[in-house]
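Trainee: With these hints in hand, go ahead and build the complete structure from the sequences.
What follows is the residue order along each chain.
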Amino acid sequence: MTALLEVEALRVRLPTAAGPATVVDGIGYSVEPGEVFGIAGESGSGKTMSVLALMGLLPPGARVEGRAVFGGRDLLRLPRRELRRINGRELSMVFQDPMTSLHPMLSVGTQLTEHVRRHLGLSRKEANAQALELLREVRIPNPDGALDAFPHQFSGGMRQRIAIAIALACGPRLIVADEPTTALDVTVQAGVIRLLDRLRREQGLAIVLITHDLGVLSSIADRVAVFYAGRVVEAGGREEVLGHPRHPYTRGLLDALPHPEAAAQPLVAIPGAPPAPRAVPPGCAFHPRCRWAEPISREVVPPLRDAGDGRLLACHVDPFRHGDSAWDNSRSSVTDPASE
Amino acid sequence: MSALEIRELVVEYDRRDGLPVRAVAGTSVDVDRGQIVGLVGESGCGKSTLARAAVGMVTPTSGTVRFEAHDVHPLTRGTRPRELSRLQMVFQNPFSSLNPRRRIGDQIAEPLTTLGLAPRVQRGARVAQLLEQVGLAAGAARGFPHEFSGGQRQRIAIARALAADPSVIVLDEPLASLDASAQAQLANLLVELTRELDLGLLLISHDLAIVRHVANTVAVMYLGQIVESAPTEELWEMPLHPYTEALIGAVPLADGGGTLPEALPGEVPDPARPPAGCRFYPRCAYEHERGRDEQPPLVEVAPGRRAACWLQGAGEAPAPPAVKASQ
Chain A
1 MTALLEVEAL RVRLPTAAGP ATVVDGIGYS VEPGEVFGIA GESGSGKTMS VLALMGLLPP
61 GARVEGRAVF GGRDLLRLPR RELRRINGRE LSMVFQDPMT SLHPMLSVGT QLTEHVRRHL
121 GLSRKEANAQ ALELLREVRI PNPDGALDAF PHQFSGGMRQ RIAIAIALAC GPRLIVADEP
181 TTALDVTVQA GVIRLLDRLR REQGLAIVLI THDLGVLSSI ADRVAVFYAG RVVEAGGREE
241 VLGHPRHPYT RGLLDALPHP EAAAQPLVAI PGAPPAPRAV PPGCAFHPRC RWAEPISREV
301 VPPLRDAGDG RLLACHVDPF RHGDSAWDNS RSSVTDPASE
Chain B
341 MSALEIRELV VEYDRRDGLP VRAVAGTSVD VDRGQIVGLV GESGCGKSTL ARAAVGMVTP
401 TSGTVRFEAH DVHPLTRGTR PRELSRLQMV FQNPFSSLNP RRRIGDQIAE PLTTLGLAPR
461 VQRGARVAQL LEQVGLAAGA ARGFPHEFSG GQRQRIAIAR ALAADPSVIV LDEPLASLDA
521 SAQAQLANLL VELTRELDLG LLLISHDLAI VRHVANTVAV MYLGQIVESA PTEELWEMPL
581 HPYTEALIGA VPLADGGGTL PEALPGEVPD PARPPAGCRF YPRCAYEHER GRDEQPPLVE
641 VAPGRRAACW LQGAGEAPAP PAVKASQ
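From first to last, the protein sequence lines stand for chains A and B.
Heads up, the first sequence stops at 340 in our numbering, and the numbers go up one at a time, no gaps.
Heads up, the second sequence stops at 667 in our numbering, and the numbers go up one at a time, no gaps.
Because the hints were derived from the structure by calculation, they are not lab data.
Watch out, some of these pointers could steer you wrong.
[Stated by the list, open to error] With beta-carbon atoms standing in for the labels, derived distance ranges:
no.: 1; chain 1: B; residue 1: G483; chain 2: A; residue 2: P282; range: 23 to 33 Å
no.: 2; chain 1: B; residue 1: E450; chain 2: A; residue 2: G310; range: 50 to 60 Å
no.: 3; chain 1: B; residue 1: G374; chain 2: A; residue 2: P20; range: 43 to 53 Å
no.: 4; chain 1: B; residue 1: G475; chain 2: A; residue 2: P282; range: 20 to 30 Å
no.: 5; chain 1: B; residue 1: V639; chain 2: A; residue 2: P288; range: 52 to 62 Å
[What the hints assert, rightly or not] According to the in silico footprint, chain A covers these stretches of chain B (three or more CB under 8 Å from chain A):
no.: 6; region: 516-524
no.: 7; region: 544-556
Using N, Cα and C, we set each Cβ at its ideal position, and we do this for glycine too.
Mentor: Rendered as structure tokens:
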């Protein structure tokens, strides 16, 4: 299958007061049609910047290298006008906070029809009919009334559904969703996850889903890439990476989560904090926080290589290559609390 | 008698459209020293209003808040009675609760000065000790808030609360907006401090999963009222209220398993017009005739376990709602 989006050696440098900082340092991945590709990592790991680069939305002064081929064109080299034609029509974005991405003074109907009228040349009547259809699609109650309403009249979850409807308006093949459920309550988040899953299954929509929440990725992503300090440290199928992680950082992230089987024990936090972009340690960027680090980890950046079981891994030590039965057992029993 | 006692608290606001909103509608919570009480609920359930009323930042419409046998009255003329200094609060966003222009050490030393808790010569040493207690280097005292990460700033806010030598701290979403690892570090710190200093914590959170790791007991709030409270593990193993069950089912498991979380249908009703009967009735998966018109009281179903649900009869053995509904 040909990939819908293919990103290669993407590097982003941002100007800072202290000089340029490399926030994305040579990232590559591909997304297939109908696939949910998850990007995980803590704040400052470069997840957001790596996708803003594709949309031409980086702050002024940013420098981008690499390739991002979408539908046969390199997004990083397209003139602004052409990029704008693609954005919203073939490729669209959903942000964390729908209150800032929706226009507060324009009705939901206006915001839903503006794109289709500009991009697809529909008449007002056709556009309104389509807007209604979209609101039904994302399960907004009373879609007729919603068209004339304004964003502040909706709850956070409903606003995010509206933002998704707007992103879907021109029938894109790929949606980039940056922390789309982070600002939502857990019961509302569950609804949005189910909505994204349905769109992917029913419409073959591809989704790049950026989130720090490994639980969200566990439920919906097909493949996952884990970012640390602007690089991919582990990538592969959801079950491999999140069910049987091999990179010490991925393990650390999973161990830090509330664990149903070990609720009485303290949480296992990764010591320290992620580095600032201008202070990324030499060698493996994770080595100062890693208890498996070897001398080589301090000097040589580990390459992201095929680890043999369908995953990519950037670790010199690879301490979990033979699995870790104790850890895996404790994780697998998570799904089956009755087994104790 | 508990260190902090909230009894039948009602807090009403006048909304812009003129309708009175009962943000907190008759809620009782006890916090003992050495205990972490988790208060869990989704946005708009009234948990933050309850937290603010608990430390005297908003005026209750009715009900009482008592701290160490003193009535907690809302702030007047900006002064707080001396006996309430041992009741402290930590807010969600440490960036807005810390003064960006003052050094960390000075901000932590302020309660020491105001309350006369350390003579001038000992203040520096006490600040260093407080910083170490929350896992920061003593040198942090010279820094400004912007030099620290979100997790570190939250530690600083906790150190400042500890400076007043509190017996109870009310924390409003202290773990939200932190990355998983920083969240785990801070959650562990809260448990340690509770043990070491014999503190009582009222921990307000929307995240039931993290609360499970730290709290001894949990109260679940929906639309201004507590619908269930229980020792933490019992609540997780057998939630008695359908809303608690829905909250637990909506938590996505990070096991790589590809299971979609369960969505709760419908929306939280307008708190100015709550449903006539059980407040959860319009969204409840288990229909119970009585819930349509009659509000279930919060009753003790088993020792330490309370639930406000018609499916849980007083005197009957507690059972999960699914079992009850199918009978």
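Trainee: Could you check the hint for me, namely that G483/B and P282/A are 23 to 33 Å apart, CB to CB?
Mentor: 26 Å, holds
Trainee: Can you tell me whether the CB distance of G374/B to P20/A sits inside 43 to 53 Å?
Mentor: With a Cβ separation near 52 Å, G374/B and P20/A satisfy 43 to 53 Å, so the hint holds.
Trainee: Determine whether the Cβ-Cβ distance between G475/B and P282/A falls within the hinted range of 20 to 30 Å.
Mentor: Holds - the Cβ-Cβ distance for G475/B and P282/A, about 27 Å, lies within 20 to 30 Å.
Trainee: Confirm or reject the coverage of the region 516-524 of chain B by chain A under the rule of 3 or more residues with a beta carbon closer than 8 Å to the chain's beta carbons.
Mentor: Result for this restraint: holds, n = 6.
Trainee: At the C-beta level, are E450/B and G310/A separated by a distance inside 50 to 60 Å?
Mentor: Roughly 57 Å apart at Cβ, these two residues keep to the hinted range, so it holds.
Trainee: Examine the region 544-556 of chain B for residues whose CB is less than 8 Å from any CB of chain A, and state whether their number is three or more.
Mentor: Coverage by chain A holds for the region 544-556 of chain B (7 residues, Cβ < 8 Å).
Trainee: Between V639/B and P288/A, does the beta-carbon spacing fit 52 to 62 Å?
Mentor: For V639/B and P288/A the Cβ distance comes to about 54 Å; the hint holds.
The structure shown violates none of the earlier numbered hints.
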